[in-house]
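Required output: the full structure, derived from the provided sequences and hints.
Just so you know, the sequences run in chain order W and F.
Positions 2 to 236 (the numbering used here) are the ones given, in order, by the first sequence.
Positions 501 to 1392 (the numbering used here) are the ones given, in order, by the second sequence.
These aren't lab readings, by the way, just hints derived from the structure by calculation.
Misleading hints may appear alongside valid ones.
To be verified - Simulated pairs of lysine-lysine, DSBU-like, Cα-Cα distance not exceeding 35 Å: (1) F:Lys1383 x W:Lys111; (2) W:Lys184 x W:Lys111; (3) W:Lys161 x F:Lys1383; (4) F:Lys1383 x W:Lys184; (5) W:Lys212 x F:Lys1383; (6) W:Lys150 x W:Lys111.
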Amino acid sequence: MSAAKTPGMRQRILIIDDEPQIHRFLGPALDAAGYEPLRADSGQEGLRGVALWSPDAVVLDLGLPDMDGKAVLEKARAFYEGPIVILSARDREAEKIQALDLGANDYVEKPFGVGELLARLRVALRQRGQAQGPLVPIRAGAVEIDLEKHLVTRGGAVVKVSPREYDVLARLAQARGKVLTHKDLLTAVWGPAHAHDTQYLRVFVGQLRQKLEDDPSTPTMILTEPGIGYRFIGD
Amino acid sequence: MPADDPKRPDPEALLAAAAKASRGRLKVFLGMAPGVGKTYEMLRAARRRKADGQDVLIGLVETHGRRETESLLRGMDVLPRKPIDHRGHVMMEFDLDTALARKPALLLVDEYAHSNAPGSRHPKRWQDVEELLAAGIDVWTTLNVQHLESLVDVVQRITGARQRETVPDSALSRADAIELIDITPDELRERLTEGKVYVPETARLASENFFKVENLTALRELALRRAAQTVDDQLVAAMREKGVEGPWAAGERILVLVGGDAMASGLVRAGRRLSDMMMDAPWTAAHVDRLDQPAKGAAAAARLRDALKLAEQLGGSTVVLSGADIVATVMAYARRNNVTQIVIGKSADSRWRELLGRSLAAALLREARGAAIHVVTEATHEAVVEAPARRRIVDWTAYLLAAGCVAAATVVAWGLDVAFDRVDLGMIFLAAVLAAGVLRGLRPALAAATVAFLVYNYMFLEPRHSFAIGTPTDFLTLIVFWAVALAAGGLAGRVRDQGRDAQRRASAVSALLAASRTFSAAAGREAAAKALAEQTAAAAGAKAVVLLPVHGELQPTAGAPALEDLDAAPMAAARWAWEKGEAAGFGTGTLPQTRWTFWPLEGVRSRAGVAGVEAGAMVAGSEDERLLLALLEQGAVALERAELATEAVETETLRRADRFRSALLNSISHDLRTPLSTVLGASSTLLDYGKGMTTAVRDDLLLSIREEAERLNRYVGNLLDMTRLEGGALRLRTDWTDVRDVLGAAAERVSRRLESRVLARDFPVELSLVRADSSLLEQAVVNILENAIAYSQDGARIEMAAYEDRSNVVISIEDEGRGIPTAELEQVFEKFRRMEEPTDRHQGAGLGLSISKGFVDAMGGRIAAASPIHDGKGTRILISLPKAIATPHHLL
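Here you go:
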């Protein structure tokens, strides 16, 4: 996809990472994608950068030498509301969940391809712009979710969903493109007392897939993020 | 033990000399009585040593306020005394620990026979000295001859006073040098009148008696003799060391027979003196446990134990024999051990047997061939202060029962007397006496006999209603009554005692059996320790604790009824038992003030730990103690076995880790380098010649860089997973998992590598949830899929299915590859296992399937491979996971 805006109003992305090699390819990649890359080589520098430049989005590596990436995240969240996408290793689910709980918008697993990171950034930036927008129907293939009328249709035909199923679907759809942790979903739909009853989610997501996916065994709309949560992919 | 070659040194003597070399040397300044100037002489000699530049420390010296002696202390290093608080009294005692820490070349400790204040580590100073010597410190000390253990009776006979503070003879014979401080009795008396000898005011009168010329002369002789004997011993030792054949008591062996009577300790001392006379002939104190006789009372058992302990202190060995016939048992032992001298006691109560010609001495004399019998008589003035006999607890119920028997007999007799004319009613009363005897033993039977006779006489014998005895037959009746009472009561008592004894032995045996069963069932060191603590507590009837070394530090590991922390004092005793390998604490020579007794647990190979029992509850009977010791022995072996088992497991783990490491090194050198060389080659080609290449060629090179980097990434991921599995760092995050979700995510991850292969899915609409770590399961499936991709042709089909049976959810992944030879099916999940030629060059390092297995195992599932599956081709891998609870449908 092409550049985000006109060159004069390029969105600025702050990259907080101690690895010069990451900056070396990520800087040109972001530049080529139409963003303005900003660079910080440590947690302290990163926090200063966030305060000083108030970038449009932040890419934060959790493995920093001077301070814990999660601490950087927490401190930044005290004064910064823009999207933060974190970089973390595959086998660190607990770390990812913690970061998401602390206010990270999304994560990308290292090692990563630039395309994947850019996609996540786009979702995060778009959601920011949409936050206060009117409730427009959300589409994913043949499925349309009308948040105003609480109506789900597939190929124009109304699909019967239970109120709970609708709640789960609506939550996912509203955050489309963004991962929602099990805890987020359970707390929002069933209440804090059920924050760990993930079996509820498995059942409801399974039902939704049966009703809405073209091939329930190969879901394309509600994706599983193993050990973390679900992600809704809309059009 | 004379050596075959007279010139060859005796190895035992050489060993003893070697042991002495690392020990400190002990010098004793020996005197006949207080006031001869031992301390003074010792200090003078010490000053000379100090002047020679030796590191001399005065550990403790009693100057008794005498100026001459005090002046010798000037300029010397004197160790401050340590206050010991005992029930509010503060006593200033020798500071053993500081002395050990200071480690001087020579240490002076006065008064070898001193008893330490309660609360000290050892009850006796000579034990402190023993520890100092063991630590390699030379010690000088002083001793009066009257304090020697084996001379206690002799000294008492001479002076009339019994010594309380004694030193075992072995403590003196261990001395490397003895210096006799000798002055004549007249000189000593002179010093006494001049006030140069310290005597406390209260004891002045007694000491006037003590310092009589006759006494002093006798004591002087004893001191001289003992000093001379030590010189003799040293000479003999030196001769043995050099291999000189000498006149030592090669053939003599002494056996001292002791019982539980008051003579026991005296006999032991007599044995020791006899041994002294025979050039230190080896001697043994023996006791015969008679199987046919009831167990001894507590007092007798205690006397016997003390006597045997004394024998050990005096340098003898001890043995407990058991048999029905004393003479036969003793003679069998004597013949087996070439005993030449037998010492027995002749106590007053055996006089009857003697009259009957059946005394032990007489019987032994008849049997003993070649052995001399020494009979020691009870010294009349040996004031063995018998502990006041414990008051018999009178069992009034027994007498009530006896009275009841007589009353019943009276009623029956009265009835018969009224009903019939002139029957022999004596028989009725006899029956009552018999009943009382059989039921409650001797004393109630005798009481019953007396009362029965009185009642019978008063009520039924002419003249009636008077106690007058009419005919001599009536006397006979009384005697018969008593005889029956004696026989029945005595017999019943013995039967009862034997029964009790047999019961106790049986319970001891069954306790040991039960213990051995629990020990063999115990898996691991902690379990064995716990079992031992429980068995020990049960056997001793008190709290028990087992301490095992943890990283070299002794720590309470198990306790019964519960594991409690030990205070500093019991811990010190436990450590002592651990380090020195001897019992410590209550009832022993070390730290007896603590309320626990500790025994080392000696295994076959090494010391396994320490077991402790809280004192007080355990009956000090030898039977119980023996049971306890047998139990501890078993426990020690069990602990050792558990340790060995753990070691074996550790060794096996190490061996496996080693194999893993070498395989890993091979793999790293191959599997890391191959993709790296592609990356390096392709990128340098692009840098150098990229400008002249077509876009298609450049893209292909770039693609190969990306592919190889991905391959490297996978490999690193595998290595990390393997490390987590091997290192035991795998932390499961188990959660409700829909297997279909996981399979979908796994399929997504391998989708790019499928190329032209088809990955088909076959999932049911409804599937039970499992409890699993979804990311681990996903990785397990990804590895299987990658393996399937690597071994199947382009365009081949890979089928991924999920289904459930009654109790499991099953994942099945099938490929159409070449399959695995049946012989190799079992090894397919082993590490670094890889078929020779995979069709896909991107295959991993043969870690994938073993990681899958590791992860599935960790989640409590099972994994299996089947091949070939159709037409001699294809492999099917099955993962089965236990189903979690069915979905709660009310939620929907």
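Right, here's what the structure says about each hint:
1. F:Lys1383 x W:Lys111: holds, 33 Å
2. W:Lys184 x W:Lys111: holds, 24 Å
3. W:Lys161 x F:Lys1383: Measuring from Cα to Cα gives roughly 29 Å; hence the hint holds.
4. F:Lys1383 x W:Lys184: Measuring from Cα to Cα gives roughly 23 Å; hence the hint holds.
5. W:Lys212 x F:Lys1383: holds, 24 Å
6. W:Lys150 x W:Lys111: violated, 41 Å
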